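Chemist: Here are the chains, one letter per residue:
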Amino acid sequence: MAEVEARGITKYFGEVKVLDNVNLATRKREFLVLLGPSGCGKTTLLRIIAGLEKPTRGEVLIGGREVTGLPPRARNIAMVFQSYALYPHMTVFENISFPLRAQHIRKDDIREKVAWAAGLFGIENLLKRKPRELSGGERQRVALARAMVRMPTVFLLDEPLSNLDAKLRASAREELQMFQKRIGITTIYVTHDQVEAMGLGNRIVVMDQGRVRQIGTPLQVYWDPADTFVATFVGSPPMNLVEQGEVLVGFRPEDFLPLEGREEDIERFQFEVSWVENLGAERLVYGNTGFQSRNGRVVSRLAPNIRVSLEAGKTYTFAVPRLGIKLFDRNTGTRLRGVSVGRG
Amino acid sequence: MEGVEQAPAFSLGYVWERERFLAAVMIAPAVLYIVALVGFPFILAILYSLSDATTGDPTLHLVGLRTFGIVLRDPVFLKALQNTFIFTLVSQILVLVLAKILALVLMEDFRGKRLVRFLILLPWTAPISLGAIGWLWIFDSIFSPMDWVARSLGLLGGSNALLGAESNLYWLGRPILAMAAVILVQTWRILPLATVILLAGLTGIPRDVLDAAQVDGASFWRRLFQVIMPMLLPIMSIAFLFGFVFTFTDMTVVYVLTRGGPVNSTQVLASWAFLKGIEAGDLAQGAAVALVVFPALAGVTALVLLLARRAEAS
Numbered sequence: 245m246a247e248v249e250a251r252g253i254t255k256y257f258g259e260v261k262v263l264d265n266v267n268l269a270t271r272k273r274e275f276l277v278l279l280g281p282s283g284c285g286k287t288t289l290l291r292i293i294a295g296l297e298k299p300t301r302g303e304v305l306i307g308g309r310e311v312t313g314l315p316p317r318a319r320n321i322a323m324v325f326q327s328y329a330l331y332p333h334m335t336v337f338e339n340i341s342f343p344l345r346a347q348h349i350r351k352d353d354i355r356e357k358v359a360w361a362a363g364l365f366g367i368e369n370l371l372k373r374k375p376r377e378l379s380g381g382e383r384q385r386v387a388l389a390r391a392m393v394r395m396p397t398v399f400l401l402d403e404p405l406s407n408l409d410a411k412l413r414a415s416a417r418e419e420l421q422m423f424q425k426r427i428g429i430t431t432i433y434v435t436h437d438q439v440e441a442m443g444l445g446n447r448i449v450v451m452d453q454g455r456v457r458q459i460g461t462p463l464q465v466y467w468d469p470a471d472t473f474v475a476t477f478v479g480s481p482p483m484n485l486v487e488q489g490e491v492l493v494g495f496r497p498e499d500f501l502p503l504e505g506r507e508e509d510i511e512r513f514q515f516e517v518s519w520v521e522n523l524g525a526e527r528l529v530y531g532n533t534g535f536q537s538r539n540g541r542v543v544s545r546l547a548p549n550i551r552v553s554l555e556a557g558k559t560y561t562f563a564v565p566r567l568g569i570k571l572f573d574r575n576t577g578t579r580l581r582g583v584s585v586g587r588g
Numbered sequence: 220m221e222g223v224e225q226a227p228a229f230s231l232g233y234v235w236e237r238e239r240f241l242a243a244v245m246i247a248p249a250v251l252y253i254v255a256l257v258g259f260p261f262i263l264a265i266l267y268s269l270s271d272a273t274t275g276d277p278t279l280h281l282v283g284l285r286t287f288g289i290v291l292r293d294p295v296f297l298k299a300l301q302n303t304f305i306f307t308l309v310s311q312i313l314v315l316v317l318a319k320i321l322a323l324v325l326m327e328d329f330r331g332k333r334l335v336r337f338l339i340l341l342p343w344t345a346p347i348s349l350g351a352i353g354w355l356w357i358f359d360s361i362f363s364p365m366d367w368v369a370r371s372l373g374l375l376g377g378s379n380a381l382l383g384a385e386s387n388l389y390w391l392g393r394p395i396l397a398m399a400a401v402i403l404v405q406t407w408r409i410l411p412l413a414t415v416i417l418l419a420g421l422t423g424i425p426r427d428v429l430d431a432a433q434v435d436g437a438s439f440w441r442r443l444f445q446v447i448m449p450m451l452l453p454i455m456s457i458a459f460l461f462g463f464v465f466t467f468t469d470m471t472v473v474y475v476l477t478r479g480g481p482v483n484s485t486q487v488l489a490s491w492a493f494l495k496g497i498e499a500g501d502l503a504q505g506a507a508v509a510l511v512v513f514p515a516l517a518g519v520t521a522l523v524l525l526l527a528r529r530a531e532a533s
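Protein chains in written order, with my numbering: chain A, 245 to 588; chain B, 220 to 533.
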């Protein structure tokens, strides 16, 4: 049984359709990431699951029970907001204990549970402070502790790392994942950051314009995209897409390498280099292959162990292993399976 | 190089770019206004209150605090003092509760919201004396529409009707009903401003915090009393302060509706100062009555501002 299930969720804000027949179901103890550009409806979907918005059509099930019409407090869910949404007039202790007080739990039990939740996130020494006396990272921990304190069925997170600086974000990502594994609560996590999504998710739901484009593991989404949107949204730099006849030929920049005498099953391209960007851990080489490209140009990503010297303005022979090539319908952008590369 | 070192020629245009000068010029009308219309009458009132001046003999013959002694021993003064507190506190508590409800309603989206908001703000835009005259008709001893409604509902005029056997309630003729009437009108009058102030405060509470309280399982009342109200406290105290000072020092509603009657049962300090000082011509006593309120109001103002600042800081 799925912890959370969304069936045919459609949502209009006035005339604008923000969600279009969204279906998804979480698996037990899963870390499910909703990934998409801003405005794709992912936060609205999360708010509908939380009960903060009502869907125009469709239903939400939590623990197998239909909850579509029920208010948030009847759903036993916890949510962490992008802004953390701590109560500014309450101390950290009062913030964390708020959900317990709402459940009329005995004072001794409250103290015990708050101590437990604070211990989980290492904020025992902050309990008497007010939110404004905390740093960004500390606030985030308080918000997590407040969400966790009553052991919800589902844990909803709305871009909880986006207000942290880059360094803190990396360590918070790691902690969050370790923590989720240990506690084992089904988690739905919203983000527009594909690195976060790839790093955190058991599965990723890629959304665009209110529709689910693909649901799959990070590797499936990366290497086996369902359409050109997923192919170009996931990965940085995105998948190259060149037009060849009736199809779009897609390949990842890291698959697009100088020929260097490789003779396995490959597809060759004449690659005119326009400029080279040396980023230390990798080299990005931009140029064109003589075919019209959807992204305007074609990118090659070279690991530092590939030491071939490449100069702007010169043409080299590059190659992509045939396994790395994905074909898409030129008009609809959907993936074509079982079709081989047809070069004119 | 010679020409470059020369100071630029003096131009009148640059004068306006000196901030201190500009600031002084721009604030001058306000200072002038306050000195002429607040400062001068205030000092004059202090001088009058220390004298025995009347409208017949307005020469300043200083008699020290004697006038204050006379005023404070006057039973009408004590009655007016008591009435002022009842009038102000009851109306302001009603205003806060009702404004809070209205502001919460206006936060929600519903059809006709703009019309409701317009109607709520209407009393604020109408001149209060006009509004009060309208209410005078509503409370009329014979033609009161409220009485008419009560009579049609069978609540008034019958032999065992709930509100009595007489055909009218005589709102302004009975001490308790008269007080209720002036409080009602004052509440009606202050409510729009308080609603707007609280609405501004409510919109200032982050949406996420309210959503978080919902997800955390808090009921409506818990959200109201433990999240919304504490976060609204600074702005609520400002609304209260405005209404309090406004009501404490105002006589329009009382003067138009009851003139302090019946038998001083709705007399407040402001109306009593006016009746004593202007209508009865005893400038000294009128000034003294008006001034008695001043330290109390200054105290209340300081207290509420202090509370607001503390709530803001925490």
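The hints are simulated quantities; they were obtained by calculation from the structure and are not laboratory data. Quantities reported herein were computed from a predicted structural model and do not represent experimental measurements. Heads up, the beta-carbon is just placed ideally off N, CA and C, and yes, glycines get one too. Hints should not be assumed to be uniformly reliable.
[As the list claims (entries may be wrong)] Straight-line alpha carbon distances no greater than 27 Å define the calculated DSS-like cross-link-like pairs of lysine-lysine that follow:
| # | chain 1 | residue 1 | chain 2 | residue 2 |
| --- | --- | --- | --- | --- |
| 1 | A | 372 | A | 272 |
| 2 | A | 298 | B | 332 |
| 3 | A | 351 | A | 372 |
| 4 | A | 357 | A | 425 |
| 5 | B | 298 | A | 261 |
| 6 | A | 372 | A | 357 |
[Stated by the list, open to error] A partial selection of chain B residues facing chain A, derived with a Cβ cut-off under 7 Å:
| # | residue |
| --- | --- |
| 7 | 271 |
| 8 | 273 |
| 9 | 276 |
| 10 | 350 |
| 11 | 381 |
| 12 | 385 |
| 13 | 431 |
| 14 | 442 |
| 15 | 443 |
| 16 | 448 |
| 17 | 449 |
| 18 | 453 |
[What the hints assert, rightly or not] Label-pair distances were calculated between CB atoms; the ranges are:
| # | chain 1 | residue 1 | chain 2 | residue 2 | range |
| --- | --- | --- | --- | --- | --- |
| 19 | B | 529 | A | 539 | 53 to 59 Å |
| 20 | B | 529 | A | 427 | 48 to 54 Å |
| 21 | B | 448 | A | 377 | 21 to 27 Å |
| 22 | A | 519 | B | 419 | 51 to 57 Å |
| 23 | A | 539 | B | 328 | 51 to 57 Å |
| 24 | B | 328 | A | 265 | 22 to 28 Å |
| 25 | A | 528 | B | 529 | 40 to 46 Å |
| 26 | A | 377 | B | 332 | 17 to 23 Å |
| 27 | B | 529 | A | 380 | 41 to 47 Å |
| 28 | B | 529 | A | 313 | 41 to 47 Å |
Chemist: Does each hint fit the structure? Answer for all of them.
Modeler: Going down the list of hints, with the structure as the test:
1. A:372 with A:272: Distance of about 36 Å is beyond 27 Å: violated.
2. A:298 with B:332: Answer holds: residue 298 of chain A to residue 332 of chain B is near 21 Å, not above 27 Å.
3. A:351 with A:372: holds, 17 Å
4. A:357 with A:425: Roughly 20 Å between the alpha carbons, so the hint for residue 357 of chain A and residue 425 of chain A holds.
5. B:298 with A:261: violated, 65 Å
6. A:372 with A:357: holds, 16 Å
7. 271: violated, 54 Å
8. 273: At 55 Å from the nearest chain A Cβ, residue 273 of chain B fails the 7 Å test, so the hint is violated.
9. 276: At 59 Å from the nearest chain A Cβ, residue 276 of chain B fails the 7 Å test, so the hint is violated.
10. 350: violated, 38 Å
11. 381: violated, 40 Å
12. 385: Violated - the Cβ of residue 385 of chain B stays beyond 7 Å from chain A, reaching only about 50 Å at its closest.
13. 431: holds, 4 Å
14. 442: violated, 9 Å
15. 443: violated, 13 Å
16. 448: violated, 10 Å
17. 449: Holds, about 4 Å.
18. 453: Since the shortest Cβ distance to chain A is 10 Å, the answer is violated.
19. B:529 with A:539: 53 to 59 Å: holds, 58 Å
20. B:529 with A:427: 48 to 54 Å: violated, 40 Å
21. B:448 with A:377: 21 to 27 Å: Given a distance of about 22 Å, which is inside 21 to 27 Å, the answer is holds.
22. A:519 with B:419: 51 to 57 Å: The hinted range 51 to 57 Å holds for residue 519 of chain A and residue 419 of chain B, with Cβ atoms some 54 Å apart.
23. A:539 with B:328: 51 to 57 Å: violated, 42 Å
24. B:328 with A:265: 22 to 28 Å: holds, 25 Å
25. A:528 with B:529: 40 to 46 Å: Given range 40 to 46 Å: violated, Cβ gap about 57 Å.
26. A:377 with B:332: 17 to 23 Å: violated, 39 Å
27. B:529 with A:380: 41 to 47 Å: At roughly 26 Å between Cβ atoms, residue 380 of chain A and residue 529 of chain B fall outside 41 to 47 Å, so the hint is violated.
28. B:529 with A:313: 41 to 47 Å: Between residue 529 of chain B and residue 313 of chain A, where Cβ atoms are some 43 Å apart, the hint holds.
When each numbered hint is compared with the structure, violations occur for hints 1, 5, 7, 8, 9, 10, 11, 12, 14, 15, 16, 18, 20, 23, 25, 26 and 27.
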